[in-house]
Amino acid sequence: MRTTTKFFALAATVAVTAGLAGAGQVIAQGRPVVKVDGSSTVFPITEAMAEEFQKTKKGQVQVTVGVSGTGGGFKKFCNGETDISNASRPILKREMETCRGKNISYIELPVAFDALTVVINPRNDWVKQMTVAELKTMWEPAAQGKIRTWNQVNPAWPNRPLKLFGAGTDSGTFDYFTEAVVGKAKSSRGDFTASEDDNVLVQGVSTDQNALGFFGFAYYEENKKRLKAVPIVNNQGRAVLPSRKSVEDGSYNPLARPIFIYVNSESLRRPEVREFVEFYQRQASKLVPPTGYIPLPSRAYAANLDSIRRGKTGTVFGGENKVGLTIDELMKLERIN
Amino acid sequence: MTVDISPTEINFRSDYDRRKLATNIFMGVAFFATIFGLFFLSLLLYDVLKQGLPYFNWRFVTTFPSRNPADAGILSALVGSIWLMFLIPFFAFPLGIGAAIYMEEYADRDFWVNRALEINISNLAGVPSIIYGLLGLELYVRILEPLTKGRTLLAGALTLSTLVLPVVIISTREAIRAVPREIREAAYAVGCTKWQAIWYHVLPMAFAGILTGTILALSRAIGETAPLITLGALTFIAFLPPWPVTTAVNEEGVVIVEKVSAGLGSLIQALQTPFTALPIQIFNWASRPQAEFHAVSAAGIIVLLLLLVAMNSVAISLRARFQQRK
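Going line by line, the protein sequences match chains A and B. The first sequence lines up with residues 54 to 390 when you count with my numbering. The second sequence lines up with residues 24 to 349 when you count with my numbering.
Calculated from the structure, these hints are not laboratory results.
If you want the footprint, here are the derived chain B segments under chain A, 3+ residues with CB under 8 Å:
| hint | region |
| --- | --- |
| 1 | 264-275 |
| 2 | 304-312 |
DSS-like mimics (lysine-lysine), calculated; alpha carbons at most 30 Å apart, straight line:
| hint | chain 1 | residue 1 | chain 2 | residue 2 |
| --- | --- | --- | --- | --- |
| 3 | B | K73 | A | K278 |
| 4 | A | K111 | B | K282 |
| 5 | A | K110 | B | K282 |
| 6 | B | K73 | A | K277 |
Keep in mind the model is a prediction, meaning the values are calculated, not measured. Glycine included, C-beta positions come from ideal geometry on N, C-alpha and C.
Make the full structure from the sequences, and use the hints.
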């Protein structure tokens, strides 16, 4: 019996030692950390900012940029776990309520535009342009199991099987595409190849002549040789290809969308967070284009700096995603002239 | 008939040829099975090396990740994985080996609690790793936040330790069970207490086996991605834990050592630093649009493979030493 007791005493000692090593209180103060998390779409921009910011601060301020999707990011943000949340759509009602419940107020800063790009295989010679109605025929829930060939969508197209590839159902990209095309977020047929990894979609569309897919402009830009973008008929009846110019003048709609960062206003009082967010706005015109996104006009970033200075909290979207917003309309919404 | 060989002789001969043939066929199949695995392994290695080698150099292992593939380095992920490599055994091995000793040597199998424990541990070894990620997120990141400071090295190491614990327990139990009963009897016969028998006779004999099992478990933990992603380690990190040295970067992004900080305070701080690990960094690069990053990702795989080979070599040499001593 005594040996058993001894053994337990030993085991307890081991456990306590292990516990103590971690349990000690922080003695010295570490370097300030700015925590960012959220959308994988916004990640490349914030990552570029974090990289450059840490170089200018010579590593004295540490910035972490996580990827957990727009929704996942807001969960952490409204739980007070992060300082900044990357978002590929505006904050939604239920997320606003969660934030309010935890007494977290935030500043909404649009940082760039993305053009959702509909892509087909380069050997597809029958599609010259596409309307939103045609996209809806392909993607709406009612199409499941029924719309199987190209000529079912448009009689002018051949009787070939239609193979669909789309963003994963947890992404902000999927939310936006379904809302813009079908009319309701997350409402889509289920029988398509979905992947959170856009490279899988690129691979799928580039190897199948009958394929159609959609993802952010950056992935199309990097894989232009293997893919063909589809001109989308806009609200003025003109078929437009996604490009920096067509997004800037608002003619590429309704698949162009603003992307955001949300800053916790409590965190903004910390000098390192404030400095990082201001750096973000000042460098955006320079650092956004190489990431494959479309920067906002410089007056938008100036207005963002002003919002930061005045501590203007809340969202201008009222908890809803707005479809087909152009840069000009966004400026109006934000009251930037 | 004028044949003068006896029927038994004929039977024996033909039977021999057939058996010989069967032997050869079986050997061929076994050889093919080996080659089949090796073929795909070498194909994979060839592909990884072909893609990754141009990016694999000293600069790559000594700089932080970057959005430019040509500047991207793997330092923060490599250091994160090395930290995990030391922290996981620190937490998992004493607990796992202790539990295994209890269950093999002390536990009364007729007692229902012990039987329940056994079933539980075997089941836990088969639970998908992502579930451990969810457990780690709730327990180590959220509930133990005052201790771990959220998504930090400590939380990651504890999660992965929990993940490998059942495997460590099971493999240690196997190793202890393999020690012949007579060894214990002999120890008792010369007047050893139970603890002395375990400590001086059973454990040393089982040690090589324990080491093999635990190192395999550790290798698995180092290669795990899913639980760390759940934990939120899928992150751009361009700094290192401040122990044993504190580092900074200059404007070119070159990492410089600022000061030696090997005290207990910095160690605790280091444990509470956000981190990333090799599989996560590789995953991050592989999912980027630029083809160059896919090559950088291959270079990352080379680093991970080298780390695993180094770890297993240490394990093999340790095992060889302990086997000799026995």
